[in-house]
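Residue numbers (UniProt numbering), protein chains in the order written: chain P, 1 to 456; chain L, 1 to 824.
These aren't lab readings, by the way, just hints derived from the structure by calculation.
Keep in mind it's a predicted model, so treat the numbers as computed, not measured.
Each residue gets a CB set at the ideal place from its N, CA and C atoms; glycine is no exception.
Please note that a few of the clues may not be correct.
As the list claims (entries may be wrong) - Using 30 Å as the maximum straight-line C-alpha spacing, the simulated DSS-like pairs for lysine-lysine come out as follows:
1) Lys489/L with Lys88/P
2) Lys274/L with Lys336/L
3) Lys338/P with Lys262/P
4) Lys92/P with Lys415/L
5) Lys40/P with Lys195/P
6) Lys225/P with Lys195/P
Said to hold, decoys possible - For the chain P half of the interface with chain L, some residues (derived, Cβ under 10 Å), not all of them:
7) Trp70
8) Val106
9) Ile133
10) Asp148
11) Gln153
12) Gly196
13) Gly200
14) Glu305
15) Thr306
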Amino acid sequence: MTHDRNVLVVTSDSLSEKMAGPAIRAFEIAKAVASVANVKLASTVHSTLSHDGLEIVDVSKVGLESLVEWADVLVFQGHLLSSHPWIKATDKIIVVDIYDPMHLEVLEQSRGRSFDDRVYISSATVGVLNDQILRADYMVCASEKQRDFWLGQMAGLGRINPATYDADTSLRGLIDVVPFGLPDAAPVQNKHAIKGAVAGIAATDKVILWGGGIYNWFDPITLIKAVEKLAERRPEVRLYFLGVKHPNPHVPTMQMAFDAKKLAEERGLLDRIVFFNEGWVPYDERADYLLDADVGVSTHLDHLETAFSFRTRILDYLWTSLPVVSTDGDTFAELIQKNSLGAVVPAGDVEALEAALELTLFDDEEHGRITARVAEFAELYKWDRVLQPLLDFCANGTRAADLNANVQIAAVAEIASLKARVADLETQTGGLHASASWRITAPLRAVTGAARRILK
Amino acid sequence: MPTLKSGVVSVVLVNFRGTDDTLEAIRNLRLLEWPAELLEIVVVENGSGDDSAARLRVEAPGITLVVSATNDGFAGGCNRGVAASSGEFIALLNNDAKPDPGWVKAAVSKFGESPRIGAVASRVLDWDGKLVDYIGSAMTWYGMGYKPFTAEAVPPKVDTARDVLFGTGSAMFVRRTAYDELGGFDERYFMFFEDVDLGWRLNLAGWRFVYEPASLAFHKHHASMSAFGPYKETYLLERNALFTLYKNIGDESVGSALPAAIGLSVRRGIARGKLDSTSFDLRKPGGDAEQTMEVSKQTMAATFAIDQFVEELPGLRATRDRIQAGRQISDERIWKLFGLADAPVFQEEGYLRGYENLVTAFDVTEPPSATNVVVITGDPIGAKIAGPAIRAWNMAELLSRHCTVTLVSLSRVEKVDAPFDLVHVSMGDDRSFSKLEAAADVIVFQGNAMSVFDSLRDSKKILVVDLYDPMHLEQLEQGRELPAAQWDKQVSDATDVLNQQMERGDFFLCASDRQRLFWLGQLASLGRINPDTYRGDPDLDGLLSVVPFGLSSTPPEHRRDVLKGVLPGITEHDKVLLWSGGLYNWFDPKTLIRAVGRVSEKHDNVRLFFQGTKHPHPGVPEMEIVGESRALAQQLGLLGSTVFFNDSWVDYSDRENYLLEADVGVSTHFSHIETTFSFRTRILDYLWAELPMVVTAGDHFAELIEAENLGIVVPAEDVDALAAALERAIFDTEFIATVRANIQNVRERYFWEVALAPLVEFVAAPHHAGDMRIAQGSRATAAPNRQRRRRSGLRHDLGLVKHYLQNGGPVVVFDKVRRRLRRG
């Protein structure tokens, strides 16, 4: 079927069978938008993916010009406008998917680099995002909390102005919420991947699953301590960390992953009670692991990143009807609490965590009730449901009222001052700048590369 | 410790060979206007070595008698007595004192005013009620507490309750929990100044010691000391003053105050003994063969006192460490309770010269300099006061407990009492403002201040930006009626103003968690969320804290009728829906008026009152919505019969009368972007007055009301839902009772003291934001409250000695001094 509109979805992540978050999201968006528009999906780095009825293009070599020319609407994530600044000057309707506040993430992610580098990376990432927000005709983010945050950033840049406000006083027409979604298909277990499959984990053991990578803002330490204590009373309890190494080789293993493993080793828990999967599980094999678990867990530190994060691992738990035990403070913690999908505990509280794990693991009745509620709740997170605002925009959206009218926005001066700040920094590190420009640009390259993946 | 009996007062009397006095005191206690079952009398027989114990046992039945074989002094005796008591409150009464019938009642009612009151000092007069014994406390810089006006005629002016450093041990009250927390009196003192020390420690621990003149007692003088030589008294006073000073004075001052105090003590001893300290000068002939000389015991008393202070140092050091580690109150605050600290007390020319030398060399008579804080509001300050000024006022009031505060209004200041300076500076009058800026350590401001004063924009002082009002979002509605170009300009100007202050601020305040998310976003757009601000503060609470609008912890009082039976059309039997605060474009009074119309079809006694239509700030225009609402009420036939508009604005102090006559508080708005991030202070008024609420969904308070069941939340612009909710909130008595109970719990979170805590904490240790690389070295950046002002040199020249001698300050004869100094 041919539609009136052409929509180009661009990701800067690898499209392949083993996809990380950003690629998955772009892929799901493209599939769903196909019901309202003619769609092409492009990766600016690498693609080996194919899908019936969807044109998927690897533009890493051929360039984007002709595809952009073809499109009426352009949907992208990451730093596309920084690497292809010419797109800003086109009159295309641009949708920016800012579900990942990468300027906040880099604050943690860049730990271990020199302080000057970190400051540079931070300013540069803010610049990338400001640039996007200034040109976006429509934006989507992952949660209401994120939306509140982005509204602030938009206000600072002058995008909340009489023109946009007059068009829609709620500003939902400018920025709306599209969380990460769940696959339509129910999970199927093709083989046991944990129980009876990992040496040291029996079919009858109770498995707590950590369903993703271990990054610096997570708190596996409190979890390991809680599990250690629980195992004294409940010897059949096991903790399994699903993803340690990221499929994208640019994403470095973070300090926290080392620390967690070291602690498990010191306490004599490694490969007895606590297990680390060293590889990255292919996207379509996740169910084999998830369905072997009894509880899904997510513990984090009380960091800024927490408030705005959207942990896709929790979606996996929802998908497979796992009760969830999570630290308080993020979007999902509220939902878990409100809908009784498991237990929410304060950050860093070993005893509370131990008690919550015991209750959700060993109270069979409670486990059953929670599982049923999780299954019901998961319906709300099906991709076709969560993508609805974006689909509506792709079908009917227009250029933003202020961009269209060439409204003079207050941001100009601010952007200038921000640029000045970055320039200052380059001057400060100027001694090195000429001879070692790689040193300045390499971290930025690595980080913007890292930031385009989802950090579960 | 036995379980404390709630409401019971345990009077502790220490008896030392004064059994007749003690028995008389017990008889007088039986005459108190106070329920006998709530009174416990504990007498400590303090090793009198006579028939006291036997007589007390026979002649005073019904008391708790504690017999000690040894004389443990006043301090030890009291501690023994308290340990044997069981009341919630301890009352200390000298055995030669006579309580007024209202003595206990007045003190206990004072305790009821605040849980922070840890002790109450009674007013104490001499036996005939003619002369003062204690009507307030004062403290010299060298550790000797004194009782101003002692032995003078009772001043004719009405005495009022106030905070003091200490009360007199002859008649005072202490909350038992506070007494235990402090470990009671310090028994090393034996007697004299143990009450001064207890009071100082109590204040340092964060309790208040309040003087309550209605709690009255009468005291005979000096029944207990007459048997001892006066030099022994001098010894105890000199020694205990050093104990007190060393234990309690802060780290910043101890190094200067203590040597000066020791020097002064020696000087006093020499002066009292009339010795000539130049007599050992080699050039003075005579006496070289004699190895001893006759010296007054008064002189030796000072020397022995210092020597015993030295002896006790290890234990005192441990006590000092504990006290200083647990201190809640800065020395700036304590100094305010000192009264006249620059008091030589002893009048003799040589002594005064030495006093002068010491205070000049050690700078001990100037108070520790407090942090200077300037708080700026754009709003007028006076009887009619709106949100921004109320907020600034409460900040100023709370900060003034520790700091020197100036509250600046950019529009108008009426004369009102305040515990801080109040100044009006016109916008753009940078000459005036720059003086305030120069004197300030910390500047707290809201609104446009930075854009109207160059000196604030360029200031290197520590800047706290209060972002509780997202004014750029407000302008989206406020400017709607203006020509398009001007509307654009107002929004973009407001954005610029905010960006400017957000680029520079060192610490930011906002009103709710949702606002915090929003402002974090705006800060992020400006690059303020960066490794410098993130370092050591990963949740950025040190950069941006939630400080909601607060409410008074004193409940509202109905002082006069304002609506029911007063306003034509509203009778005492009517049910009043109150719209507190102003009417602006982003509100939706029209849906409310329609809904009320709907309800009034069924109930003819429902009334809706709009409390404010004209904002006190002359710059805030009456919005279109006011006229439209009136017109709608008129059109529906409700105006003046069911719907009422107040044409003016209600005085701040008068609003409690309106609130207490209302039955339901309402607030309805459209679902605009402004709504999402607004913090409607009118809802706080409703909380304050325990009014069930009906509000539109979508903002901070709607979430709170829903989560805590404080009323009903309805969708925007839904007349039916609103009408149903109003009916329930007015007439469902069971629902109303539940809601009111819930409100009582929730509102405590919004008491100003609680709400403003992050600001108070920041100002206690003010600092620039991590990414503000501002030249260090200005006073403000170097821990301002650790520095003392240099003495001007003017007050303490030698001429002042004469001044002291002739008239100034506490000029008293030595006898009188002694009375002042000791507890008696």
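Here's how the hints hold up against the structure:
1. Lys489/L with Lys88/P: Given that 30 Å is the threshold and the Cα spacing comes to 25 Å, the pair holds.
2. Lys274/L with Lys336/L: violated (35 Å)
3. Lys338/P with Lys262/P: violated (36 Å)
4. Lys92/P with Lys415/L: violated (61 Å)
5. Lys40/P with Lys195/P: Violated: Lys40/P and Lys195/P sit about 41 Å apart, past 30 Å.
6. Lys225/P with Lys195/P: Distance of about 22 Å is within 30 Å: holds.
7. Trp70: Not OK, violated: Trp70/P not within 10 Å of chain L, min 33 Å.
8. Val106: holds (9 Å)
9. Ile133: With a closest approach of 8 Å, the Ile133/P hint holds.
10. Asp148: Since the shortest Cβ distance to chain L is 4 Å, the answer is holds.
11. Gln153: holds (4 Å)
12. Gly196: Violated, because the Cβ-Cβ distance from Gly196/P to chain L comes to roughly 41 Å (cut-off 10 Å).
13. Gly200: violated (35 Å)
14. Glu305: OK, holds: Glu305/P within 10 Å of chain L, min 8 Å.
15. Thr306: holds (8 Å)
Checked against the numbered hints above, the structure violates hints 2, 3, 4, 5, 7, 12, 13; every other hint is satisfied.
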